[in-house]
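K.L.:
Here is what each chain is made of, one letter per residue.
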Amino acid sequence: MSLLPFFMWCENSAIGDAIRSSGWLFPVIEAVHLLGLAVIGGAVLVVDLRLFGFEFPRQPVAQLARDAQRWLLGSLAVMIATGALMFTSEAIKCYYHPAFWMKMTCLFLAIVFTFTVKRKVVMADEARIGPLRNKLVALVSIALWSGVGIGGRWIGFS
Amino acid sequence: MSLIGFCEWLANTSWSIGLHESRWGYSILESVHVLSLCLFLGLAVMMDLRLLGVSIRRAAVSEVMEQLMPWIIAGFVLMVISGALLFTAIPVRTYQSIFFRTKMLMLVAAGLNVWVFHSTVYRKVAEWDLHPIPPKRARVAAGLSLALWAGIVVSGRMIAYNWFDCDKPQRAIIIRIEGCRATDLQ
Chain A
1 MSLLPFFMWC
11 ENSAIGDAIR
21 SSGWLFPVIE
31 AVHLLGLAVI
41 GGAVLVVDLR
51 LFGFEFPRQP
61 VAQLARDAQR
71 WLLGSLAVMI
81 ATGALMFTSE
91 AIKCYYHPAF
101 WMKMTCLFLA
111 IVFTFTVKRK
121 VVMADEARIG
131 PLRNKLVALV
141 SIALWSGVGI
151 GGRWIGFS
Chain B
1001 MSLIGFCEWL
1011 ANTSWSIGLH
1021 ESRWGYSILE
1031 SVHVLSLCLF
1041 LGLAVMMDLR
1051 LLGVSIRRAA
1061 VSEVMEQLMP
1071 WIIAGFVLMV
1081 ISGALLFTAI
1091 PVRTYQSIFF
1101 RTKMLMLVAA
1111 GLNVWVFHST
1121 VYRKVAEWDL
1131 HPIPPKRARV
1141 AAGLSLALWA
1151 GIVVSGRMIA
1161 YNWFDCDKPQ
1171 RAIIIRIEGC
1181 RATDLQ
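In order, the protein sequences belong to chains A and B. Each residue of the first sequence is one higher than the last, beginning at 1 in my numbering. Each residue of the second sequence is one higher than the last, beginning at 1001 in my numbering.
Treat the hints with care, since some could be wrong.
Here are the in silico distance ranges between beta carbons for each label pair [said to hold, decoys possible]: (1) B:Trp1163 to A:Met8: 28 to 34 Å; (2) A:Gly53 to B:Lys1124: 29 to 35 Å; (3) A:Ile80 to B:Arg1058: 27 to 33 Å; (4) A:Ala77 to B:Ile1081: 31 to 37 Å; (5) B:Tyr1161 to A:Pro131: 44 to 50 Å; (6) B:Ile1081 to A:Leu139: 46 to 52 Å; (7) B:Gly1018 to A:Thr105: 33 to 39 Å; (8) B:Leu1112 to A:Gly156: 29 to 35 Å; (9) B:Pro1169 to A:Thr116: 54 to 60 Å; (10) A:Thr105 to B:Pro1169: 31 to 37 Å; (11) B:Phe1076 to A:Gln63: 23 to 29 Å.
Now the stretches of chain B that chain A is said to cover, found in silico as 3 or more residues with beta-carbon under 8 Å [to be verified]: (12) 1032-1046; (13) 1052-1060.
Hints are computed from structural coordinates only; laboratory data are not their basis. Glycine included, every Cβ here is placed at the ideal spot set by N, Cα and C.
Using the sequences provided together with the hints, build the complete structure.
P.N.:
Given below as structure tokens:
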């Protein structure tokens, strides 16, 4: 099953067209994407650094995660929306670019991981989850989200 | 030597030319700069959100400050170093860029904001440390911080776009702001 027809449909969409023909739409959308990147970075890192035991030793990780949750969800929504818009303007390039597939794979895995394994570990009673498991979860989280970021940057290079 | 003269000199060094024409070097450097933003600005945003009284409200402000600051500073150092190196790759164009100049001005303003905040309202933090919602002046400083950093990120991204480059005909006001010279317009 080839996804190429779908990608071509996206590329030829009115939105894709509008973004391509405008000189400033893509830069503006990308700028918002960058701002979202800062927020999601903070929301993810504040919990991961706590899981590593690097900060907030006196705050329960579950509470930190709950506080960061709305910012994680909000920024993720912004990233996906702005990302989808930018995608429509260059869907064919993305289709043939290995970085795009790497990014989407990491994104999918990062989202699944964050809302299943990580959530379980973070919300569990801290006495039950050993520090090693916490650190492993944090490591996987950072690795997956970094993959998304690095893949994204790589798309931009060609 | 004038600043632009220094930039011209820098542009002709083998370091600058090498970095500018490198296959991977410049891209990697740029990626470090953008991804360090997650560390630096991401945590600075979380701290500003506490100062706004919008997140992590159960923790004392001073605790949030003390826990996040080392990481924020580490991130900032990465940003400055990668940023400076990026500048050395394309010194003249960057120096002249209206987006770069705006970004630098806003960076100074952001620094001033931090300094004023720490010298005034934060001095008395013990009085409002545990308040979920800090006093107005703290919230203003946090709001200003967020606005300035948003501006810094956006103008930084725009540096790459050549709309206002000196090697294209520009309006007089742009030429004045950017210090474009007749020789720039080849």
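K.L.:
Confirm or reject each hint.
P.N.:
Now the hints, each set against the structure:
Restraint check, Trp1163 of chain B to Met8 of chain A: a C-beta distance of roughly 30 Å satisfies the suggested window 28 to 34 Å. Checked against the hint of 29 to 35 Å, the pair Gly53 of chain A and Lys1124 of chain B passes, with Cβ atoms roughly 32 Å apart. A hinted range of 27 to 33 Å for the beta carbons of Ile80 of chain A and Arg1058 of chain B is consistent with their spacing of about 30 Å. Between Ala77 of chain A and Ile1081 of chain B the Cβ separation comes to about 33 Å, which falls inside the hinted range of 31 to 37 Å.
With their beta carbons about 47 Å apart, Tyr1161 of chain B and Pro131 of chain A fall inside the hinted range of 44 to 50 Å. Checked against the given bound of 46 to 52 Å, the beta carbons of Ile1081 of chain B and Leu139 of chain A, roughly 25 Å apart, lie outside it. A beta carbon spacing of about 34 Å between Gly1018 of chain B and Thr105 of chain A agrees with the range 33 to 39 Å that was offered as a hint. Taking 29 to 35 Å as the suggested C-beta distance range, the pair Leu1112 of chain B and Gly156 of chain A conforms, at roughly 33 Å.
At about 57 Å, the beta-carbon gap between Pro1169 of chain B and Thr116 of chain A stays in the expected band of 54 to 60 Å. Separated by about 46 Å at the C-beta atoms, Thr105 of chain A and Pro1169 of chain B break the suggested range of 31 to 37 Å. For the pair Phe1076 of chain B and Gln63 of chain A, the beta carbons lie near 27 Å from each other, so the given range of 23 to 29 Å is met. By the rule of at least three residues with a Cβ nearer than 8 Å to a Cβ of chain A, the coverage given for the segment 1032-1046 of chain B holds, with 11 such residues.
Proximity of the segment 1052-1060 of chain B to chain A, defined as three or more residues with a beta carbon under 8 Å from a beta carbon of that chain, is established by the 5 residues found.
Checked against the numbered hints given earlier, the structure breaks hints 6, 10 and satisfies all the rest.
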